[in-house]
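Here the protein sequences line up with chains A, B, C and D, keeping their order.
With this note's numbering as the guide, the letters of the first sequence map in order to residues 348 to 697.
With this note's numbering as the guide, the letters of the second sequence map in order to residues 348 to 697.
With this note's numbering as the guide, the letters of the third sequence map in order to residues 348 to 697.
With this note's numbering as the guide, the letters of the fourth sequence map in order to residues 348 to 697.
Check the hints yourself; a few may be wrong.
[Said to hold, decoys possible] Within a straight-line C-alpha distance of at most 35 Å, the following computed DSBU-like cross-link-like pairs (lysine-lysine) qualify:
1. D/K349 <-> D/K463
2. D/K617 <-> D/K669
3. B/K422 <-> D/K685
4. A/K463 <-> A/K575
5. D/K377 <-> D/K686
6. A/K463 <-> C/K617
7. C/K617 <-> C/K675
8. A/K377 <-> A/K422
9. C/K364 <-> C/K398
10. B/K398 <-> D/K419
11. B/K364 <-> D/K463
12. D/K419 <-> B/K419
13. B/K617 <-> B/K422
14. B/K422 <-> A/K422
15. C/K675 <-> A/K463
16. D/K422 <-> B/K419
17. A/K617 <-> D/K422
Keep in mind that the hints were calculated from the coordinates and are not lab data.
Remember, predicted model here, so these are calculated numbers, not experimental data.
4 protein chains.
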Amino acid sequence: MKGYGITSLEHPSWLEKERPVCGPLDAIVKPVAVAPCSSDTHVMHGGSGEKVNLILGHEAVGEAVEVGALVKRVKPGDFVVVPCTTPDWLAPGIQGSLYTAHDDGMISGYKFVNSKDGVFAEYFHVNQADANLAFLPEGVSPEAALMIVDMMSTGFHAVELAEIGFGDTVAVIGIGPVGLMAIAGAALRGAGRIIAVGTRPASIEVAKSYGASEIVSYRGGDLAARIKEMTGGGVQKTIIAGGDGETFRQAVEMTKAMGTIANVNFFDMKDALNMPAFVWGLGMSNKDIRCGFCPGGRVRVEKLMELVRCGRIDPTRLITHKFRGFDKIEDAFLLMDKKPQDLIKPIVYC
Amino acid sequence: MKGYGITSLEHPSWLEKERPVCGPLDAIVKPVAVAPCSSDTHVMHGGSGEKVNLILGHEAVGEAVEVGALVKRVKPGDFVVVPCTTPDWLAPGIQGSLYTAHDDGMISGYKFVNSKDGVFAEYFHVNQADANLAFLPEGVSPEAALMIVDMMSTGFHAVELAEIGFGDTVAVIGIGPVGLMAIAGAALRGAGRIIAVGTRPASIEVAKSYGASEIVSYRGGDLAARIKEMTGGGVQKTIIAGGDGETFRQAVEMTKAMGTIANVNFFDMKDALNMPAFVWGLGMSNKDIRCGFCPGGRVRVEKLMELVRCGRIDPTRLITHKFRGFDKIEDAFLLMDKKPQDLIKPIVYC
Amino acid sequence: MKGYGITSLEHPSWLEKERPVCGPLDAIVKPVAVAPCSSDTHVMHGGSGEKVNLILGHEAVGEAVEVGALVKRVKPGDFVVVPCTTPDWLAPGIQGSLYTAHDDGMISGYKFVNSKDGVFAEYFHVNQADANLAFLPEGVSPEAALMIVDMMSTGFHAVELAEIGFGDTVAVIGIGPVGLMAIAGAALRGAGRIIAVGTRPASIEVAKSYGASEIVSYRGGDLAARIKEMTGGGVQKTIIAGGDGETFRQAVEMTKAMGTIANVNFFDMKDALNMPAFVWGLGMSNKDIRCGFCPGGRVRVEKLMELVRCGRIDPTRLITHKFRGFDKIEDAFLLMDKKPQDLIKPIVYC
Amino acid sequence: MKGYGITSLEHPSWLEKERPVCGPLDAIVKPVAVAPCSSDTHVMHGGSGEKVNLILGHEAVGEAVEVGALVKRVKPGDFVVVPCTTPDWLAPGIQGSLYTAHDDGMISGYKFVNSKDGVFAEYFHVNQADANLAFLPEGVSPEAALMIVDMMSTGFHAVELAEIGFGDTVAVIGIGPVGLMAIAGAALRGAGRIIAVGTRPASIEVAKSYGASEIVSYRGGDLAARIKEMTGGGVQKTIIAGGDGETFRQAVEMTKAMGTIANVNFFDMKDALNMPAFVWGLGMSNKDIRCGFCPGGRVRVEKLMELVRCGRIDPTRLITHKFRGFDKIEDAFLLMDKKPQDLIKPIVYC
């Protein structure tokens with residue numbers, strides 16, 4: 348079968364591979380729509396280490412075409428929503444924690460692109476179909492579901508990590524699709540003032556529609572200093588959804604004592620997360636620094652779809668570009684890599 | 348000075364009392380606007396036990412006219428927002444808990460009407476003015492602040508107790524002003540489907556505008572059975588904002604295993620909270636049953652005002668009746684007691 | 348094969364049944380040692396509803412004699428520790444909660460005796476062997492492991508539900524094996540004063556050795572009143588590990604505002620959990636009422652065995668009677684049912 | 348009056364100062380016993396910035412000799428236990444958080460040595476005496492109380508921040524008095540294996556008596572690598588109670604995904620807390636990094652004294668050197684600064 352990915356780092360390409368084999372608990376899914384993500388381009392550029400001959404893609408909705416003998420709930424022909432994180436629910440990391448992305452070691456619950464081929468393929472494999480695949484409820488569009496499986500789930504995880512309380516002042520650094528979802532999630536979680544940091548015009552408009560109170564540019568002097576000035580001393584909660592090691596320092600510094608910094612940004616292997624001790628109150632500030640990976644499983648996605656169904660949020664505002672045809676995956680992926688000013692998120696109908 | 352309250356149970360009346368004395372940490376406040384609450388009428392009818400010669404009222408915004416020698420922040424002439432709960436922050440119950448209503452014993456942080464005269468007076472006393480009085484920020488109306496000091500704070504406390512997660516299905520029993528605020532708070536906290544239980548037309552309209560997905564009547568058969576049917580087995584979170592002992596049983600029963608029941612309803616001394624063991628899974632269901640009283644202090648009110656200022660919520664939709672003139676407190680109070688169909692919340696400009 | 352259980356309610360008996368079939372994820376285990384529990388006798392007497400022709404028993408350590416084709420970790424011949432709760436980890440109730448006993452509905456993660464035959468058999472079935480079976484580490488005896496799988500896990504779950512903080516005053520009602528484990532767990536969690544309620548001499552001695560500060564009898568006047576007097580107003584945390592509907596009322600009443608009541612007692616279908624509204628502060632007290640069922644899975648048991656291995660606790664003090672031989676299960680079970688004064692917990696080496 | 352402190356950085360000396368003035372909510376206390384702390388020597392060496400003419404010391408038990416007009420509970424002649432952190436309970440940082448050390452800005456609740464003279468004086472000032480001073484219960488020695496006010500409270504705060512669960516594997520870096528208290532606290536909170544890192548023989552013995560399972564030296568190769576090897580991949584919780592910026596990196600690295608790093612070490616203004624992104628799982632690991640300062644107030648100290656009174660812990664094992672006489676404060680302080688091998692904690696009877 349055909350798939351799109353990399354032959355080696357920096358070499359995106361169409362690949363020819365065997366159709367994946369369906370285990371007894373698993374499903375084989377044919378994608379109906381997929382979306383490239385900057386994590387896919389990150390992999391291509393080597394941000395996650397050496398990879399060869401790998402099909403990319405981890406955001407998809409599709410049709411189950413085959414299910415294993417032990418699968419009870421999902422049936423061939425079902426339209427399925429595929430979480431980007433599909434844990435092995437029988438692994439020990441699931442027990443005693445809600446952070447299901449680490450089923451049997453760090454981020455091991457994230458399988459696509461990480462430990463197996465991704466979803467930019469004629470067929471892809473989903474482990475433990477009953478636990479990992481969700482059905483589309485009436486009132487939720489496939490496009491909305493596609494924005495939920497990683498973007499909304501990851502952005503909302505940032506909000507959960509930040510433990511936002513009613514009326515908290517929140518800074519969100521980065522207004523790519525995950526940052527935008529973090530803004531929407533913060534507003535939907537009862538944040539008061541939300542200060543978004545970013546510059547891309549298309550994103551700024553959506554940021555405001557999702558509840559950003561103000562937009563601050565990365566440019567114009569030290570970000571931490573400016574946000575501390577705007578807020579009379581700092582924010583209660585800071586979400587990092589973009590940036591590098593220096594962003595980390597700024598995030599800790601702009602957060603007040605007893606506040607929380609929540610990171611869902613994928614730092615690069617080369618990044619160093621450095622902070623002078625004083626920005627953390629010499630280790631005495633009661634500032635929590637948290638990070639996380641998108642939780643997995645069907646219930647996560649079902650809960651987020653419920654928010655869409657009940658009209659609490661419309662994640663399709665992220666979609667700026669639509670492609671039609673399986674072979675347009677390449678164009679969408681290369682667009683994601685180039686990141687023109689008017690892009691937030693492209694999708695491809697297969 | 349003049350105040351409105353009760354000479355004894357069931358005898359509402361204007362009273363003549365001494366102007367309260369200002370302690371060194373305290374303030375004397377002249378009300379600008381007040382709102383009667385069903386807790387005030389509850390007191391009149393003896394729901395909180397025997398009371399005589401007591402000025403009622405615990406929801407007010409006003410002007411500080413005198414402050415004690417040790418008060419640093421509040422000054423005479425300041426327009427102040429008065430939380431209904433004004434804890435003694437030096438008491439031991441404050442330390443080690445966020446439930447500040449119990450500063451030195453159960454609900455002792457609630458002073459007005461409870462351990463001293465209320466706010467339906469020419470002047471009223473506020474203990475620890477710097478810790479308990481908030482200022483009105485630009486962008487928040489006095490009417491909005493007046494709806495915050497008890498109604499929104501209590502309704503939102505229910506939401507906090509319920510520990511609502513993104514996409515949770517929530518039932519809110521009772522759509523008086525506190526129930527309506529609980530609906531708004533649940534929507535603002537990321538609830539999915541919100542099922543509101545009530546029948547008053549004026550409230551139903553506001554409930555929908557605040558985010559209720561459906562309205563269910565108290566009538567039409569066992570409430571728990573109907574909600575379990577509507578939801579395929581029960582809701583994740585139930586908020587009790589009205590009702591009696593039977594409501595308690597229904598609330599526990601309509602909630603799924605691992606769910607939470609959060610009560611902010613003031614039960615009557617005569618109520619018995621009875622449940623057959625099976626509705627609680629014979630004591631094995633991991634259903635949490637929680638209750639609470641409106642937290643106190645200025646920061647609570649400041650945070651909630653921040654939500655209004657940032658446009659996240661408009662609590663003034665609760666206000667259905669406005670009176671002008673200090674002596675209209677009587678009319679407003681008697682209206683609250685009668686509860687006509689078109690009433691949600693009356694206010695009085697003094 | 349042979350098993351011990353009930354032909355119908357009130358009719359304990361040896362039964363002849365087919366050896367259970369091993370599914371692809373499962374294991375068949377031959378018991379090495381088992382322990383009867385009052386939950387087993389409860390089932391015999393109909394406390395959990397109608398049951399016929401059912402093998403009893405849910406506390407066992409044993410030898411895996413057969414494993415399914417998809418089992419990777421457990422092998423035939425392995426000595427295995429069997430949690431009393433063995434959830435289906437692929438079910439939706441696992442996702443988004445740590446209360447794994449409710450995998451697909453209330454208490455459905457508890458399979459033995461509940462939805463299938465128990466462990467008092469020549470062979471018994473364990474679903475999802477890799478996720479549910481633990482290995483015995485060096486330094487932990489089989490007897491200790493046998494006391495962990497339900498007694499210690501359930502008693503410690505009570506402590507977790509009670510959210511005991513350093514120095515909290517705790518009441519534990521009931522000093523059967525679960526109550527004793529709750530006492531030990533409370534001490535090991537940093538409780539200050541622990542007041543245990545019970546009368547059986549054998550248990551009293553063990554209660555003291557596990558950290559009970561004082562022992563109070565059920566007799567001698569209203570329990571809530573006496574404990575409130577002893578503590579100057581009530582305890583911060585109350586654990587219910589025995590009793591009936593009246594115990595529930597007492598537990599809520601003896602707990603201070605902002606405190607927690609944690610129940611792990613299996614109430615009877617006929618019990619009514621009744622409280623006058625005032626013992627709950629008319630619904631305003633911020634007293635949390637929680638309950639739960641023993642969490643499942645191998646990691647739970649591994650963590651508790653780690654406590655034994657590191658010398659933090661010795662759960663074998665519960666064992667007062669030892670039987671040798673598979674056919675002594677009957678004697679042990681009937682002893683458990685009779686509950687002589689010197690009994691805490693019997694075990695049977697098979 | 349006479350006090351011991353610094354005339355300027357690096358110049359410890361006896362000072363002559365005015366006796367402090369007692370405000371209406373405050374008390375003047377005469378020390379009965381005090382203990383120097385490495386935070387005092389840290390101040391002398393400039394670790395907290397420029398300081399001149401300051402009396403040092405923040406650990407004391409004493410006798411109240413004067414109380415303000417508004418003080419109700421404490422009376423002259425009372426023996427009082429003085430928390431090292433004495434928040435202004437009327438300040439806004441108290442409201443909405445349990446981290447009371449930040450009453451009106453970062454660490455502002457820590458007054459002694461920080462914003463006013465310390466306790467190495469004939470008389471010292473305690474703000475808000477009723478909220479901040481505790482009484483010594485029967486069964487607790489003054490020496491035990493003296494070890495509680497900072498050492499035990501800070502060490503136990505580390506344990507609270509680490510959110511230790513039953514059976515968790517914990518690393519404690521540093522076995523000075525705070526690290527030792529963290530070990531004791533971890534054991535008392537239900538930790539399983541506790542790996543302590545340190546080399547001082549006197550401390551090692553006490554560490555073992557408090558529950559350390561193993562002692563690891565700082566020397567012998569990369570600490571993170573060694574602890575990961577010992578534990579098969581890392582610990583669940585790491586407590587930092589000593590060290591520098593490099594310790595921070597090691598702590599994050601030795602902690603597993605979904606684990607927590609809790610710091611109570613006072614880093615130096617010159618320290619840089621640097622970590623390569625990969626030790627934090629590139630920001631995806633769900634490893635929480637937390638820090639904090641000793642919480643304040645009487646209830647905190649009362650709860651910890653309850654642990655001593657009930658025989659759960661004996662903090663006096665920290666005391667290795669006792670001095671008699673107010674003027675021996677100098678010797679004790681200089682000993683603390685020199686840190687001979689046999690020193691854990693010195694105290695002075697005044």
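Hint check:
The straight-line distance between the Cα atoms of D/K349 and D/K463 is roughly 15 Å, inside the 35 Å bound, and the hint therefore holds. For the suggested pair D/K617 and D/K669, the alpha carbons sit about 33 Å apart, so the restraint of at most 35 Å is met. About 52 Å separates the Cα atoms of B/K422 and D/K685, which puts this hinted pair outside 35 Å; it is violated. The suggested pairing of A/K463 with A/K575 is violated, with an alpha-carbon distance near 44 Å, which exceeds 35 Å.
For the suggested pair D/K377 and D/K686, the alpha carbons sit about 27 Å apart, so the restraint of at most 35 Å is met. Distance hint between A/K463 and C/K617 is unfulfilled; the C-alpha atoms sit about 54 Å from each other, more than 35 Å. At most 35 Å may separate the alpha-carbon atoms for a hinted pair to count; C/K617 and C/K675 meet this at roughly 32 Å. Note on A/K377 and A/K422: the hinted pairing holds, with a Cα-Cα distance of about 13 Å set against a maximum of 35 Å.
Proximity of C/K364 to C/K398 is assessed by CA-CA distance (about 16 Å); at most 35 Å being required, the pair is judged to hold. For the hint pairing B/K398 with D/K419, the CA-to-CA distance comes to about 27 Å; that is within 35 Å, so the pair holds. Taking the CA atoms of B/K364 and D/K463, the gap is about 45 Å. The hint is violated against a cut of 35 Å. Our distance criterion of 35 Å between C-alpha atoms is met by D/K419 and B/K419, whose separation comes to about 22 Å.
Restraint check for B/K617 and B/K422: the C-alpha separation of about 44 Å exceeds 35 Å, so the hint is violated. Only pairs whose Cα atoms come within 35 Å are accepted, and B/K422 paired with A/K422 is rejected, the gap being roughly 70 Å. With a C-alpha separation of about 53 Å, the suggested pairing of C/K675 with A/K463 is violated against the 35 Å cut-off. In summary, the hint linking D/K422 to B/K419 is supported, as the alpha carbons are separated by about 26 Å, within the 35 Å threshold.
With a CA separation close to 62 Å, the supplied pair A/K617 and D/K422 exceeds the 35 Å bound.
Checked against the numbered hints above, the structure breaks hints 3, 4, 6, 11, 13, 14, 15 and 17 and satisfies the rest.
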